[in-house]
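Undergrad: The working numbering numbers the first residue of the sequence shown as -14 and each following residue consecutively.
Think of the hints as simulated: they come from the structure by calculation, not from any bench. Treat the hints with care, since some could be wrong.
Here are the simulated lysine to any residue pairs, SDA-like style, with alpha carbons at most 25 Å apart [to be verified]:
#1 K423 / M184
#2 K386 / L218
#3 K614 / I171
#4 K3 / R277
#5 K540 / G132
#6 K229 / P190
#7 K395 / K423
#8 K54 / E11
#9 K480 / K594
#10 K527 / P37
#11 K529 / D544
#12 K548 / D507
#13 K84 / A14
#14 K428 / S200
#15 K548 / E492
#16 K24 / K38
#17 K452 / C520
#18 K654 / Q664
#19 K642 / N168
#20 K638 / E653
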Amino acid sequence: MAKNLVIVESPSKATTIKKFLGSSYEVIASNGHVRDLPKSQLGIDVDNDFEPKYITIRGKGELLAKLRKEVKKADKIYLATDPDREGEAISWHLMTALKLENKNTSRITFNEITKNAVKQAIKQARPIDTNLVDAQQARRVLDRLVGYKISPVLWAKVKRGLSAGRVQSVALRIISDRDAEINEFISKEYWTLNADFYMDGEKKPLNAEFYGTHSKKMTIESEKEMDEIVASLKKADFHVEDVKKSQRTKKAPQPFTTSTLQQEAAKTLNFSTQKTMRLAQGLYEGVTVKGRGSIGLITYLRTDSTRISEEAKAAAKDYITENYGQEYLAEGVAEKKSGKKIQDAHEAIRPSYIDLTPAQVKESLNRDQFRLYQLIWKRFMASQMAAAKYETTSVKIDTDKYRFTAASSKVAFQGYLNVYQTEEDKVEKKTLSKNITKGAVMKAENLEKKQHFTQPPAHFTEASLVKTLEELGIGRPSTYAPTISTIINRHYVAKEQKQLYVTELGEVVNSIMKKSFPSIVDVNFTAAMEGLLDCVEDGTVKWKTVIENFYPDLKEAVDIAQKELEEVTIEDEVTDVICEECGRNMVVKYGPHGKFLACPGFPDCRNTKPFFEKIGVECPNCGGDLVMKMSRKGRRYFGCMNFPECDFMTWQKPSAKKCPQCGGLMLEKGSKLVCMDEQCGYVEAKPKEK
-14 MAKNLVIVES
-4 PSKATTIKKF
6 LGSSYEVIAS
16 NGHVRDLPKS
26 QLGIDVDNDF
36 EPKYITIRGK
46 GELLAKLRKE
56 VKKADKIYLA
66 TDPDREGEAI
76 SWHLMTALKL
86 ENKNTSRITF
96 NEITKNAVKQ
106 AIKQARPIDT
116 NLVDAQQARR
126 VLDRLVGYKI
136 SPVLWAKVKR
146 GLSAGRVQSV
156 ALRIISDRDA
166 EINEFISKEY
176 WTLNADFYMD
186 GEKKPLNAEF
196 YGTHSKKMTI
206 ESEKEMDEIV
216 ASLKKADFHV
226 EDVKKSQRTK
236 KAPQPFTTST
246 LQQEAAKTLN
256 FSTQKTMRLA
266 QGLYEGVTVK
276 GRGSIGLITY
286 LRTDSTRISE
296 EAKAAAKDYI
306 TENYGQEYLA
316 EGVAEKKSGK
326 KIQDAHEAIR
336 PSYIDLTPAQ
346 VKESLNRDQF
356 RLYQLIWKRF
366 MASQMAAAKY
376 ETTSVKIDTD
386 KYRFTAASSK
396 VAFQGYLNVY
406 QTEEDKVEKK
416 TLSKNITKGA
426 VMKAENLEKK
436 QHFTQPPAHF
446 TEASLVKTLE
456 ELGIGRPSTY
466 APTISTIINR
476 HYVAKEQKQL
486 YVTELGEVVN
496 SIMKKSFPSI
506 VDVNFTAAME
516 GLLDCVEDGT
526 VKWKTVIENF
536 YPDLKEAVDI
546 AQKELEEVTI
556 EDEVTDVICE
566 ECGRNMVVKY
576 GPHGKFLACP
586 GFPDCRNTKP
596 FFEKIGVECP
606 NCGGDLVMKM
616 SRKGRRYFGC
626 MNFPECDFMT
636 WQKPSAKKCP
646 QCGGLMLEKG
656 SKLVCMDEQC
666 GYVEAKPKEK
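With the sequences and hints as input, model every part of the structure.
TA: This is how it looks when you write it as structure tokens:
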């Protein structure tokens, strides 16, 4: 019997596929990449048409020897690595490493690991797609040139083994720009007004919100303005100007893409992007389900398409009709339109077996696997269901000058909400009395005025950063999680209670990148580069042409930066703090979390301690010195030297100048000095530094 060899990436994938194929098939795993650029050198011959130098990855020799033995025994070889650019490149590297050029070798891909999908893939075996391989090579070479050419500049400037990356540097800049926007934000005062309205015969009041005049919405900016409005309202007569009842529909959400899965898992399950991808990888490759053995529960997890196969649509239709009824079926599900090319566009992320409900597999999965599978299953099922319908009522209550409004909505038909609800869907909606009619006289009571201050934009979370990267066209489904992990692991960004903050180290790296390598951290440039990689995949642009056009500008920028930075030597700053172990004056050093004090006698003396930089401002609580400190994760803040006796702290830098209006502490916010007391609200321009 002819011997067929199938090579996949992971052992769990091999186990799952093996059960679908007969005894004439052997399935073995390569454990990911087998060849790559060398770590110890650039690995790209910039003088010889940018030819990359690939070597066997350390530790893969024994595995390759085992694979070669299996290859010799096989009559037919199938390369079944993942269905994307990187998977295509792994197959290409296996061709070379195993010397398969003269063997009967084919490439197969499948979007889900099911018996039908795998057998169909074997029927549709094809040669390796060199355009896909070249697109991946272009990305790898671009990233290597940026990383290996710019990183030494950072070492020269910051004196640490730092690194730069083509996509990570842009992500760092986006977070840094948001932090700067927040720091420079100056809140403004505004007021809201609510009132309870009573109608004859009704015991329950109608709570309505002040809108403005009859013709336009008003923003109340001061208490004085509020008091004038309230005074006029106390003398006014109220009547219902309009009652409008209508129906609105809310369409079912699209099935998950990589980006939307990462966002929703972060919001509802509190998973990091890395954790989501790790769990999804396991669900895709295969888990042991009671009574069914090792099976892949979801389709391929790296995709930016919302397309669904006709087979999956038909299976969902049958399930919905049987379990919910014909009226719950969607009339027609539109797929998401995208301005950019859909790369890795096989299908959306969905269950491989529609009939395997979360309840049926719960015992076979750990808690996190179950929660993620349940989220994917419910989202897909909802995407194939009818829209939810709401009955809405809006009421306008007028005086001769001003207007109040109230609105309510209630679910008339649940539709997809029967299966899947987001946090937004779960918000309680208030109901209005059915007896309210146009022209009805109303009596206002409990005029409730509230003071508010505008809030700065929110810090990025992993979910919102992924959404922004996708919207800007930076990176691809496979890059979001590793990009975020890299900037956190290198301490450029700190993650505290889901929120991302730039560390002092991140600020230094970002400022160098913006100054010396503006195109690398330019959002539009990076997005345009992704477009070029798509053109390589299409076969309309040669991959080396992309590198040839990119490299000269990079080299020029690196040469200029190296010359300029050679003149800047960062000496260790000597302090008046004496090392208690050897008597030397301690010096300021840079670490992963920022500055710290170290003994200059290293390695003979290894004494270190935290560095607290005085800023020349007294603590408003106890009169002690305010110093710059670092949070445990590397975020800069300003606190009292007398901690823990005094717990004063602020994220913004305090100014030595006192508020001329209330005598309180002033904070630096961009080009402004702002009183720390929001009730005071004093603002002035910050003096220009000499």
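Undergrad: None of the hints should be skipped; say for each whether it holds.
TA: Hints, one by one, checked against the model:
1. K423 / M184: holds, 12 Å
2. K386 / L218: Roughly 9 Å separates the two Cα atoms, so the pair holds.
3. K614 / I171: holds, 23 Å
4. K3 / R277: holds, 14 Å
5. K540 / G132: It holds: about 12 Å lies between the C-alpha atoms, which stays within 25 Å.
6. K229 / P190: holds, 19 Å
7. K395 / K423: This hinted pair holds, its Cα atoms lying about 21 Å apart.
8. K54 / E11: holds, 12 Å
9. K480 / K594: holds, 24 Å
10. K527 / P37: holds, 15 Å
11. K529 / D544: Judged against 25 Å, a Cα distance of about 22 Å means the pair holds.
12. K548 / D507: Judged against 25 Å, a Cα distance of about 23 Å means the pair holds.
13. K84 / A14: holds, 17 Å
14. K428 / S200: holds, 22 Å
15. K548 / E492: holds, 22 Å
16. K24 / K38: Between K24 and K38 the Cα gap is close to 11 Å, so the pair holds against 25 Å.
17. K452 / C520: Distance of about 23 Å is within 25 Å: holds.
18. K654 / Q664: With a Cα-Cα distance of about 17 Å, the restraint between K654 and Q664 holds, given a limit of 25 Å.
19. K642 / N168: Holds, at about 18 Å.
20. K638 / E653: holds, 5 Å
The structure meets every hint from the earlier list without exception.
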